[in-house]
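Peer 1: Dock the two chains into a complex; use the hints.
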Amino acid sequence: DAGVTQSPTHLIKTRGQHVTLRCSPISGHKSVSWYQQVLGQGPQFIFQYYEKEERGRGNFPDRFSARQFPNYSSELNVNALLLGDSALYLCASTVPGGPRDEQYFGPGTRLTVT
Amino acid sequence: GDSVTQMEGPVTLSEEAFLTINCTYTATGYPSLFWYVQYPGEGLQLLLKATKADDKGSNKGFEATYRKETTSFHLEKGSVQVSDSAVYFCALSFSGGYQKVTFGIGTKLQVIP
Numbered sequence: 096d097a098g099v100t101q102s103p104t105h106l107i108k109t110r111g112q113h114v115t116l117r118c119s120p121i122s123g124h125k126s127v128s129w130y131q132q133v134l135g136q137g138p139q140f141i142f143q144y145y146e147k148e149e150r151g152r153g154n155f156p157d158r159f160s161a162r163q164f165p166n167y168s169s170e171l172n173v174n175a176l177l178l179g180d181s182a183l184y185l186c187a188s189t190v191p192g193g194p195r196d197e198q199y200f201g202p203g204t205r206l207t208v209t
Numbered sequence: 238g239d240s241v242t243q244m245e246g247p248v249t250l251s252e253e254a255f256l257t258i259n260c261t262y263t264a265t266g267y268p269s270l271f272w273y274v275q276y277p278g279e280g281l282q283l284l285l286k287a288t289k290a291d292d293k294g295s296n297k298g299f300e301a302t303y304r305k306e307t308t309s310f311h312l313e314k315g316s317v318q319v320s321d322s323a324v325y326f327c328a329l330s331f332s333g334g335y336q337k338v339t340f341g342i343g344t345k346l347q348v349i350p
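Protein chains in written order, with my numbering: chain A, 96 to 209; chain B, 238 to 350.
For reference, chain B alone in the conformation it holds in the complex (with noise of 0.2 angstroms):
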């Protein structure tokens, strides 16, 4: 079935640090990638998206290409600030059907002064 690896945190990094999320999938076909963000005690907002092969998903900073080569979708911030601190979920979809959107375990990013 279809799955998302994304590599475990914590994440620890200082403010204006370079932020690297790796995120791979397996599935059958070709999904749309996503990235969702949720801060503590709030539930999740969509970051990002992707919806084919060598599309660049971008907001408030965050970037992430879609790279069917290496089914990878890896997220990235040249400058992360104390107020990006949250969980980070990858995750990927087909559409047609019903939609269910498949989940990474997701990645908790902590970004101190």
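The following block holds chain A by itself, in its conformation from the complex (with noise of 0.2 angstroms):
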């Protein structure tokens, strides 16, 4: 079975740019989340969607939002680019109800603001 797949890869934009970044969760699993990893930290909680409503979000401001698509894919998007944006983006899937509080996260997107 595939695990979390995400698109694009890599990513170069400038500063002001804006950016959509996408995630495919595992099959059956309708629930999605966005973490940002910055260079040499822990990776920081943007949001959760499950069944295409948000259920949470971490301290990020508005230039920061998602949504989750019918087939349980999401995209999340990043307006007003800042230099400090730039870090790998993680998508992680969960089934409801599955084994307790168990994320499996996609390979990630390396997004660099220049």
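The hints are simulated quantities; they were obtained by calculation from the structure and are not laboratory data. Yeah, the Cβ is synthetic: ideal placement off N, Cα and C, and Gly gets one too. Any given hint could be a false lead.
Claimed, not checked - With beta-carbon atoms standing in for the labels, derived distance ranges:
1. B/Ser251 / A/Arg110: 43 to 53 angstroms
2. A/Gly151 / B/Arg304: 26 to 36 angstroms
3. B/Glu252 / A/Asn174: 21 to 31 angstroms
Peer 2: Structural data, given as structure tokens:
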């Protein structure tokens, strides 16, 4: 079975631009979470979506938004990019009612803002 | 708020040495505890987990025991291999509501032949 997939793998943007990152969860998983991992740090929680609704949000500005589609895939959007948004963006999917709190992570999208 | 503190690296060990990476947590209630591993250029992989006090998680020779009294979840391995070189993250989360995982800063392990 395919794991969590993310696209693109790498992305280079300039300050002020907008970016969209995509995630496809494991088949049967209805919940998707997004994390930001700055170099040398642990991942920080951004959002969780379940059944197309936002269920949780971390301490990130409104420039960050996301949505989940009927097929449970998800997009993370970041507007007005800043140099500090350069990071590895990780997507994770979960089976509600499955192994307690276990999330399965994708390989990530490496975003570089110049 | 919830937090995870783990020893900063890098940790450099010779092959077949004993490994300990310390992890302590602060949380209201009783979270599930995890160790994730990140190999160079890759995403996170769940290494092991424990969901209640005194549980021992184990996988691939790695072990960690959930110690409520010391709020700790130290990672150990009796004999490390070069292939264990990676960054190790201690993490916690709560069930119910939304499933936010709180990670530590990560500890880089380098095993030399």
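Peer 1: Check each numbered hint against the structure and report the violated ones by number, ascending.
Peer 2: 3
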